[in-house]
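*Asks:* Residue strings, one per chain:
Number of protein chains: 4
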Amino acid sequence: MAGSTFGKHFQITTWGESHGKGIGVVVDGCPAGLPLCESDIQKFLDRRKPGKSRYSTPRKEADKAEILSGVFEGRTTGTPISLVVFNQDQRSRDYGDIATYYRPGHADYTFDEKYGFRDYRGGGRSSGRETIGRVAGGAIAIKILNQLGISFLTYARAIGPVTIPQTAEDLLACVQNNEYSLNELQEHILSDPLYMPDSISSEKTQEYLEDCMRETDSAGGIIEGIITGTPAGIGEPVFDKLDANLAKAIFSIGAVKGFEIGAGFAAAAAKGSDNNDAIHMKDSKPCFDTNHAGGILGGISNGAPIVFRAAFKPTPSIAATQHTVNNAKEEISISIHGRHDPIIVPRAVVVVECMAALTLVDLMIENQGATMEHLQKLYS
Amino acid sequence: MAGSTFGKHFQITTWGESHGKGIGVVVDGCPAGLPLCESDIQKFLDRRKPGKSRYSTPRKEADKAEILSGVFEGRTTGTPISLVVFNQDQRSRDYGDIATYYRPGHADYTFDEKYGFRDYRGGGRSSGRETIGRVAGGAIAIKILNQLGISFLTYARAIGPVTIPQTAEDLLACVQNNEYSLNELQEHILSDPLYMPDSISSEKTQEYLEDCMRETDSAGGIIEGIITGTPAGIGEPVFDKLDANLAKAIFSIGAVKGFEIGAGFAAAAAKGSDNNDAIHMKDSKPCFDTNHAGGILGGISNGAPIVFRAAFKPTPSIAATQHTVNNAKEEISISIHGRHDPIIVPRAVVVVECMAALTLVDLMIENQGATMEHLQKLYS
Amino acid sequence: MAGSTFGKHFQITTWGESHGKGIGVVVDGCPAGLPLCESDIQKFLDRRKPGKSRYSTPRKEADKAEILSGVFEGRTTGTPISLVVFNQDQRSRDYGDIATYYRPGHADYTFDEKYGFRDYRGGGRSSGRETIGRVAGGAIAIKILNQLGISFLTYARAIGPVTIPQTAEDLLACVQNNEYSLNELQEHILSDPLYMPDSISSEKTQEYLEDCMRETDSAGGIIEGIITGTPAGIGEPVFDKLDANLAKAIFSIGAVKGFEIGAGFAAAAAKGSDNNDAIHMKDSKPCFDTNHAGGILGGISNGAPIVFRAAFKPTPSIAATQHTVNNAKEEISISIHGRHDPIIVPRAVVVVECMAALTLVDLMIENQGATMEHLQKLYS
Amino acid sequence: MAGSTFGKHFQITTWGESHGKGIGVVVDGCPAGLPLCESDIQKFLDRRKPGKSRYSTPRKEADKAEILSGVFEGRTTGTPISLVVFNQDQRSRDYGDIATYYRPGHADYTFDEKYGFRDYRGGGRSSGRETIGRVAGGAIAIKILNQLGISFLTYARAIGPVTIPQTAEDLLACVQNNEYSLNELQEHILSDPLYMPDSISSEKTQEYLEDCMRETDSAGGIIEGIITGTPAGIGEPVFDKLDANLAKAIFSIGAVKGFEIGAGFAAAAAKGSDNNDAIHMKDSKPCFDTNHAGGILGGISNGAPIVFRAAFKPTPSIAATQHTVNNAKEEISISIHGRHDPIIVPRAVVVVECMAALTLVDLMIENQGATMEHLQKLYS
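Chains as they are written, first to last, in my numbering: chain A, 1 to 380; chain B, 1 to 380; chain C, 1 to 380; chain D, 1 to 380.
Careful, some of the hints might be misleading.
Because identical chains share one entry, a pair is satisfied inside a single copy or across any pair of copies.
[Unchecked claim] Result set (DSSO-like, lysine-lysine): computed pairs, CA atoms no more than 27 Å apart in a straight line:
id: 1; residue 1: LYS21; residue 2: LYS43
id: 2; residue 1: LYS329; residue 2: LYS282
id: 3; residue 1: LYS21; residue 2: LYS64
id: 4; residue 1: LYS49; residue 2: LYS204
By construction, these hints were calculated from the structure, which means they are not laboratory data.
If we strip away everything but chain A, and leave its shape as in the complex, we get:
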């Protein structure tokens, strides 16, 4: 594939530039018979919209999703679903020197080196707006997975120096102890301006972000995802491991610099006797005492919650003075003004969730061919 397609069965192909006519995605391989309408998708697009808090760009992005194909009488037909969000904000404008110099931390230089020139308007294809297609496609994946009993919980675990005190296991324990339901927890997270599950941490972070903005600087953070309800057996051994495909999916989001599953980097310093998850029986099913594996063994889901984290670098667009070069190979100093998020982590939460869902639904369809028994059940 030429790089804009993700997935093997449930396959998305995204297109569009920040300041082109629109941004879109073609979803191919969606099973027929799924009830689907534009509001199913809009709900997710709204989660990545800016302007929800004062820590995201005040740009107005209406980002209205339109379904152009693949749905008939309210249900998916099995044929490709074309989704488009037309850009509102295409007015001709002075991009100043942005066309001629390379912003540090951006892909300006590498695009020029690869292709000989680039669409410099608002980052072009490497803009964060590219994720609109992922979220539109991911919304469909999540709807399918919800129907199969699978739920997603994704949130900001850390922003700048602030980290929430609860682990993923703590959050899940509260659900298991009926302190609140998974839905309530999700609603709580969605109501936080930074999509943090812990309000005290969120407030501390907001103070930190105020400082960043005063210093015309930016911050990064860590997003954590939990997937519950995945049956055991999903993921292919060797190269298409569930964790390997998740790693690629998440790392394909701009600004991600790290990814880990379960105990992650901490496992490197642990001993085997601590890190192994002992197994016991519960409700007549094997069950793991701990979840250092993060729900995946040998690349295949083990039925425990899938837990992963992604590290996002700070937004590279800052107003502070920076040193760089232009395409005439002159050294210059720049200061990037305009409407930029001092932190993109909150808006990226839904992107992470969608990429995880796209990965999982694809491997669940793949797994249908794992045994002769599955084939015989369908074809006789």
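Following the hints, position chains B, C and D against chain A.
*Replies:* Okay, now just chains B, C and D, sitting in the frame of chain A:
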């Protein structure tokens, strides 16, 4: 693909189980005209062989690579290269209860859930021996990349609680300051029993591993890789980003729980003004003052060294008593005896290097189609 | 892939139904730097438009192509090109019983069996309008190939019982003997209402089609394609042979029932001594005396013109009474009225040309990775 | 993919040259739980062995298949199945001028143009021996399909000027009328030295082939395949149509110059009223009165027998004098001696059958993801 194939152009398909007749790989898409013989591959296989130090299993694995196709008169022909290592150690043996219970930290349970049964001999397909095919294929990728001026430096950065004090940048600075050449550094690493570049750390680690072995326990660690000489422009925007493909490649190695590029997880806590790499001119080329990006911007190589790290969990096979269940759904206690590595990190170093090389060569071939200029140069 | 994507490097993903909001294609992997505007694409779409002669449906299809992404300042950027043709003719309408019964020769029954239901409006995804995306993508492929010195000549060789007397070799001989240029020949074909290169045959065919229409019946035919200027060496041995990929490309067009290369089915009755193409030197290059191979040997282009033929079945929509069943499993008689082409061959000519171009450009990009020499030329 | 891999789910990767160490295939994506042993595969390899009649090369090819992985305790495990046939006949030998000149009708010239040089021993990768991997993989596909109630009947329909008088429909009618069973018909075909279902035609053909051999010439022919028992609904609309994938599969076999489905090229001259297959009810299922569609509508199986034909060119290796050039660009005359088949059609029958089976099993696995209902059945 059905999971045992990696790559789009330079494509490897691996096969084989730990205690089957052999382990092998088919390399398809290797450019014609590369000088290749079995010793080119053996050199790399020898780096993953056990028995090099007392911290790896005393099993004797001859692991002799044979080329069955694709090479004629000492050069690759452009047709698939079939490589096989026949297993020496297939004698029928008592696997005891291993067939019936699920070892914690292993893929026994997930294979059974996925396929209904499993080849339980020595881990079957999920054995570490599966990596033989990756290394054999990767050896060819590295030979190609070397001919294009690209070099690899891969080593154990941390084992258990010990971390080497030098950063990747420190090591590269010594090379740049002519304290030693890249080759000398590589030779130094290869001469260390744990493949650590720092001898004092290596000695401390060896003491730690002695303790582990006494306690019948095991350790994990972090492998770091540096790729120098990559031209700018490699990697496809959006899904087939160089870092996304690397993440998948490395995460597809059993026991990997984390992956990061450049500043990695540390970037999440940094500010934009610190994390952005300023650019200046050097030898009339743009050059980065720092390398928090790890050589990749927007998924495309920027010409700086590519630096990445992978976290490995401790070997799950330990002699200490563990709690688990068997396939009759009974809770039992087990203690795994046999010849197991207390630490697999040193042997995994070459596997990481090979997976990185496979990723890079594939995207370099892909990049040939990036511009009309490339096509016109070839076809006129 | 999930079936709506074609190609590995130069990759098109089509979407859209006959009576949905629109029909479109995403072209991924197009090399950067190709001058491209909407009229480049419109020119080809106009060739598949109905209403050019009285033998095609009098439906008005404006079919205006819009470029939504991937082109900046008049050149392709290397990122996906999204092309859309919005449907004009979506007014709500009475589809009568078409939703409930299975038209003979159509995919109504098979879609229902596969997906459980179908978008019955105008054939939905199996409509001939689906080829709009192919033609839009193919127009770009042809523009690239033209810049590399490759030309296409595609025409109706036979319709119903009428076959043109000239072989492909005859037509090429006239060009070689300077009776007319390739361009003039192409213009001549494009000026014929049936896209036949022989005017006498065209007139005979028109009489035949008048009869068909009077009898409320329909006709099929054979389309022949000639590709000149292809360098030797294109196509991958074994599965991705140039002829195998062409066969798939052409056979993926609805209504195609046969495909052949060079001597085709006639080769089956020939003797080796007749069928082999002897080789001599011409302009210091090996040159073939005859072209029974159709320009391809062992799946790889040999530099001679590529010649192939595709057989199209008669349009299945006819007004004559037919026996069929409905989805209540009752046997019924139907007569299909409405605006249907009595012959689709003339409109399919450009579709065949586009699918051939898509196949060729994809394998030409693939071939860039064939030798170490190519890689070394680019990367040093 | 780099050209040696076929299929998306049930995926084969073949390797090996005519006179290298061996020929093999890796089958990835085979469902777990299929009983499989080497004799299952040998049975099919024996059908492509030479020496069965005097019309095939007297070379002795033992062609013993070995299973190296993926089978445990007599059943497939779901992991890759590596199959190898070691070449017996690798003795160093004088290949004379074959290395330096280009045999007409062979791929010598195109391989040299593509790769710069070639393995000239016995055709190298473009040898007919390459099909061993296809047959070994196809044998497994057929075993799976047989378990799902699907049967294959493949035979020589025509050789040189002789064509059997029975159509595929005639043969199936005899089965339906209980004149003989499908198995008896298959056994009858397998017992014929030319794999023709009609003994009189076979005898006439044998006389013709005697003439060919006397004249040191060669013959081509047409192979016909019938697949019965395929459920309706198999095949993906648009590019991965069942007939498009079959066309590619069959056209990827060396020497194939034409392919057709159902009425094939004859459909081009028919009228719609004749070519459409009317539908009636039978055993409470829709059933087609005729089968001009060849069992496929809109690229999707309709439940009727799938009927297709492939045209094979005459063997290009002939002892008669031929004109060609050498790689010093000199014009020369050659006469090819050695052990060559005057007709390869009989030996190719099993190859055609296997490629058809590989195509079908792949699309049947793909079809498992067609509806939400399938997913819900498996995952709840």
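*Asks:* Now look at each hint and say whether the structure bears it out.
*Replies:* These are the hints, each one checked on the structure:
1. LYS21 <-> LYS43: Intra 22 Å, inter 22 Å, cutoff 27 Å: intra and inter.
2. LYS329 <-> LYS282: Between copies, since 10 Å is at most 27 Å while 66 Å is not.
3. LYS21 <-> LYS64: Intra 13 Å, inter 16 Å, cutoff 27 Å: intra and inter.
4. LYS49 <-> LYS204: within (23 Å within a copy, 51 Å between copies)
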